Amino acid sequence: MITVPSAAPGWSRVIVAVAIVAALAALAVAHLSTGEPMVAPGQLTGILMGESGDRIDQLVVRELRVPRLILALFSGAALGLSGAILQFVLRNPLASPELLGVSAGASLAMAAILLLNAPVLFALHPVVALAGGLGGGLIVLAASRGARTPVEAALIGVAVAALLQGVILAMISLAASSGAVQLYFLYTVGNLSNRTWDHVRLVWPWVIAGIPAAFLLARGANVLQLHEDVASSLGLQARRMRLVFIALAALLVGSIVAVAGPIAWVGLLTPHIARLIVRGPDARILFPAATVIGALLLLASDVLSKVVLYPREIPVGLCTTLLAAPMILLLLRRSNLGLNR
Amino acid sequence: MTSARSFAALTLLAGVAAAALFILHLGLGTVWIPPDRVILALADRSTDPTDLSIVRELRLPRAILGLLVGCMLGLSGALLQVVMRNRLAEPGLTGVSTGGILAAVLFLAGTWGLPPPGRFLPFVVLLGALAGGILVLFASSTRGRIDPLRLVLTAVIVNAIFGSLTSIVMLRSQQALGSILSWLIGSLNGRVWDDVWLALPWAAVGIPAGLLAARPANVLQLDDESGRALGLPLQPARIALFGLAAVLAAGAVSVAGAIAFVGLMAPNAARAIVGADARRVLPLSALIGCVLLLAADLVAQSLSIKPPIPSSSYRVGLPVGAVLAVFGAPLLIILIRRSIR
Amino acid sequence: MNDVEPLRLAQVSAGYGQRMVLDGLDMGLRQGTITAIVGPNGSGKSTVIRAMARLLPTRSGVVLLDGRDIRSFGSRGIARLVSVLPQSPSSPPGLTVRELVELGRFPHTGLFGRVGVEGARAVESALTLTGLSDFAERPLDELSGGERQRAWIALALAQGAGTLLLDEPTTFLDVRHQFEVLDLIASLCASRGMTVVMVLHDLVHAANYAGRVVVMDSGRIVADGAPSTVLTAELMRTVFGVAAKIFTNPESGRSICLPIGTGRS
Chain A
1 MITVPSAAPG WSRVIVAVAI VAALAALAVA HLSTGEPMVA PGQLTGILMG
51 ESGDRIDQLV VRELRVPRLI LALFSGAALG LSGAILQFVL RNPLASPELL
101 GVSAGASLAM AAILLLNAPV LFALHPVVAL AGGLGGGLIV LAASRGARTP
151 VEAALIGVAV AALLQGVILA MISLAASSGA VQLYFLYTVG NLSNRTWDHV
201 RLVWPWVIAG IPAAFLLARG ANVLQLHEDV ASSLGLQARR MRLVFIALAA
251 LLVGSIVAVA GPIAWVGLLT PHIARLIVRG PDARILFPAA TVIGALLLLA
301 SDVLSKVVLY PREIPVGLCT TLLAAPMILL LLRRSNLGLN R
Chain B
342 MTSARSFAAL TLLAGVAAAA LFILHLGLGT VWIPPDRVIL ALADRSTDPT
392 DLSIVRELRL PRAILGLLVG CMLGLSGALL QVVMRNRLAE PGLTGVSTGG
442 ILAAVLFLAG TWGLPPPGRF LPFVVLLGAL AGGILVLFAS STRGRIDPLR
492 LVLTAVIVNA IFGSLTSIVM LRSQQALGSI LSWLIGSLNG RVWDDVWLAL
542 PWAAVGIPAG LLAARPANVL QLDDESGRAL GLPLQPARIA LFGLAAVLAA
592 GAVSVAGAIA FVGLMAPNAA RAIVGADARR VLPLSALIGC VLLLAADLVA
642 QSLSIKPPIP SSSYRVGLPV GAVLAVFGAP LLIILIRRSI R
Chain C
683 MNDVEPLRLA QVSAGYGQRM VLDGLDMGLR QGTITAIVGP NGSGKSTVIR
733 AMARLLPTRS GVVLLDGRDI RSFGSRGIAR LVSVLPQSPS SPPGLTVREL
783 VELGRFPHTG LFGRVGVEGA RAVESALTLT GLSDFAERPL DELSGGERQR
833 AWIALALAQG AGTLLLDEPT TFLDVRHQFE VLDLIASLCA SRGMTVVMVL
883 HDLVHAANYA GRVVVMDSGR IVADGAPSTV LTAELMRTVF GVAAKIFTNP
933 ESGRSICLPI GTGRS
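Same order as they appear, the protein sequences are chains A, B and C.
Quick note on the numbering used here: the first sequence kicks off at 1 and runs consecutively.
Quick note on the numbering used here: the second sequence kicks off at 342 and runs consecutively.
Quick note on the numbering used here: the third sequence kicks off at 683 and runs consecutively.
You can take every hint at face value.
Derived lysine to any residue pairs resembling SDA-like cross-links, with alpha carbons at most 25 Å apart:
#1 Lys647/B - Ser177/A
#2 Lys647/B - Ala118/A
#3 Lys647/B - Ala112/A
#4 Lys647/B - Leu401/B
#5 Lys927/C - Pro722/C
#6 Lys927/C - His883/C
#7 Lys647/B - Leu116/A
#8 Lys647/B - Pro119/A
#9 Lys647/B - Ala361/B
#10 Lys647/B - Leu114/A
#11 Lys927/C - Glu850/C
#12 Lys647/B - Ser394/B
#13 Lys647/B - Gly179/A
#14 Lys647/B - Gln182/A
#15 Lys647/B - Pro375/B
#16 Lys647/B - Leu393/B
#17 Lys647/B - Asn530/B
#18 Lys927/C - Thr944/C
#19 Lys647/B - Val167/A
#20 Lys647/B - Ile113/A
#21 Lys647/B - Leu399/B
#22 Lys927/C - Val904/C
#23 Lys647/B - Ser178/A
It should be emphasised that the hints constitute simulated quantities derived from the structure, not laboratory data.
As the structure is a computational prediction, the values presented were derived from the model and not from experiment.
Let's have the full structure, built from the sequences with the hints guiding it.
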């Protein structure tokens with residue numbers, strides 16, 4: 001069982017909220033300062049306003065780092081929220097985009113249009129990724145129908161993801177020209193390097209629409225946590241509602257995969273951290289909490305990705321794995337992730 | 342049905358299949374050499390000097406490695422399944438292979454610029470393999486018991502961590518995609534005689550030892566009470582067999598990388614054909630491992646020679662591990678579904 | 683009290699996939715009564731409950747809710763009239779009793795509405811009636827089986843429906859908690875005029891608490907009426923395949939059905 005801190009009094013919630021906001025701000029400053037060239041945090045405001053710093057600094061910070069910061073926040077928020085959504089509506093604490101074939105399916109779709117030179121408009125990339133993500137997710141849901149334990153369903157997702165990744169690898173190793181290493185990491189672990197305002201423009205409508213939609217429907221997620229017959233007898237169209245939520249999660253993940261690849265383990269870990277901080281399984285609180293914590297986790301990973309092999313950057317997906325996967329192992333051992341309810 | 346005679350017939354059949362694939366494998370390449378000419382060249386009776394040099398110098402090492410690696414992985418998987426009493430166990434799903442490759446790339450990065458470490462590499466891989474396997478066993482045991490599916494889930498997460506660390510080490514030394522995939526996914530592309538000499542001693546020791554372990558393996562398959570009653574010191578036997586499985590995996594991983602699914606498919610196929618008796622399962626697993634790896638490498642090679650997708654002149658070459666993932670993942674799903682029933 | 687039956691099945695057939703479970707069932711409920719459905723395993727008891735609440739669509743025949751075809755209702759419309767408690771429902775870890783009971787207001791709030799004063803009052807009264815006011819802030823998974831079952835009944839009460847369908851509400855409870863839960867149901871029926879249908883395995887409970895016992899076998903009703911007329915040694919032999927003795931409880935005047943063996947020895 002997860003040990004939920006007993007009814008957190010008001011002030012301790014305030015402290016947690018302040019700490020999270022402070023951490024986000026500190027990480028954002030670190031994110032904008034680090035990389036090649038390094039920028040002193042004190043100069044950032046001036047550079048952002050276009051008042052100080054040389055032209056290179058201004059260009060790097062305003063045209064590369066700010067959009068990347070926004071993308072990191074978007075990615076973490078979308079992944080954390082979609083993990084929470086999936087865990088709620090599938091009633092499986094292991095449900096997450098990476099363990100349900102959603103990320104891998106979206107990634108395969110993106111790799112396919114790029115490597116096969118399919119004539120798809122840039123603006124439609126998130127749609128293609130969404131279709132791929134839904135395809136991967138539906139394969140896993142179909143293959144795990146009647147699965148008796150959450151672990152069984154998750155492992156079927158792992159197997160499907162391995163298959164899809166095998167196809168991605170085949171395409172990259174057979175068709176990629178120069179920059180094959182970058183493509184490999186982009187489509188198998190996820191990368192945020194060299195992103196520009198174009199990428200922000202591509203995903204913001206999806207993220208900005210998807211997140212509030214999930215918050216608004218949170219009460220439905222609360223009911224879906226109960227037995228399917230109970231949910232239906234309370235007047236919720238359980239099956240339809242579940243599909244709406246899965247589509248919403250796939251939409252959030254798809255738009256992120258389209259620009260950053262299948263960044264893993266944030267979606268699985270974030271809801272569990274949120275549950276440690278927020279008391280009780282109320283989606284109206286947990287969804288926003290997972291959104292914020294996901295953003296925090298991914299921002300931290302992205303800062304890490306810029307300093308591990310400084311001055312070179314490494315793919316952010318490697319860092320989310322190094323940060324989140326050990327914590328998942330730890331939670332799995334200590335509290336069993338709430339698997340044996 | 343599984344009488345001694347039908348077992349002999351099956352072994353013969355698998356042996357013939359392996360031999361036929363071996364000849365086919367030697368014939369395949371940018372220049373196709375028909376089987377009769379391959380056999381002449383192998384017997385050193387060919388009058389065509391190009392046939393001789395292509396078959397004996399260029400293609401023979403890769404084909405021999407296919408045989409050895411398939412054999413070692415099949416046997417290693419069969420032993421791990423006995424030791425862990427888990428039909429899903431195999432080097433790639435227990436942290437053994439990924440622990441091995443992480444140790445290998447760390448070792449290679451550490452000795453950069455020094456004389457080639459050659460023969461020591463498999464020993465280092467063995468240490469990593471043991472550490473990886475033990476870590477997964479430790480992390481997945483709850484109150485001294487290990488749930489089979491939990492073990493695989495833990496291994497998947499540990500594999501992700503090891504894979505990320507491996508990637509970072511390789512990014513640091515700016516490796517090409519071909520060599521990254523060679524370790525992470527497993528490949529036989531571009532293998533030469535030196536690789537054969539590296540793996541051969543490990544195969545020469547590991548394979549006979551593994552086959553001789555059939556009797557204790559049979560006892561270990563029983564429950565602990567009966568095993569003890571038969572007078573086998575269980576814990577030492579289990580450790581010895583685990584070590585043997587790690588030795589076999591280390592030999593294979595040192596030359597071919599973290600190839601997954603062979604060690605899963607071969608023993609399960611063998612058991613489906615001849616039942617549970619390790620005296621039959623172990624040799625048949627080894628043979629089926631050869632057949633699978635050679636067949637998968639034939640697919641990898643023929644796709645690499647004539648890619649089905651339009652491609653540039655620069656190509657990495659399809660790693661055999663990707664082919665095995667595509668064929669092995671569906672089997673993994675079937676086994677997961679069955680393990681519950 | 684009006685004369686319209688709160689719920690009626692008319693010639694209802696229903697099933698799963700190829701398999702038909704209910705075969706032309708006719709059954710009406712009188713307001714404010716307790717009906718027990720009994721029968722051997724696989725006789726279609728749970729399926730009746732699911733068909734009554736449209737959790738399972740009928741293949742033929744109609745279900746009438748307040749005299750209207752149930753198919754003409756919206757999902758939340760049904761939920762305001764009928765609440766269902768399935769067999770051993772599971773809850774997410776950490777959910778408190780109050781949070782569970784508040785979910786019972788979903789038919790009234792929908793996805794976006796507010797619980798409101800009336801809703802809050804319904805939640806409080808459900809907690810009071812089930813004796814859970816003191817447990818309201820406790821997580822469900824920390825409660826005993828009997829308390830948990832009462833919490834689920836409180837959820838159904840907060841729903842404010844006049845008809846309550848329960849599928850084996852006493853399974854997995856020890857005998858004291860069984861009586862507690864059944865007493866609670868009986869008192870709700872008496873004080874609030876609720877109409878109750880419950881699937882029961884225990885024939886002693888059925889005879890004790892229900893005014894009417896419906897016996898099912900292979901998707902049909904084989905006996906229907908007051909417990910004393912329905913539960914006979916003959917019926918026990920033909921439907922359940924057991925020999926039984928029937929006594930009358932001198933205190934309550936109700937009959938007690940005591941199975942004594944397979945009747946083969």
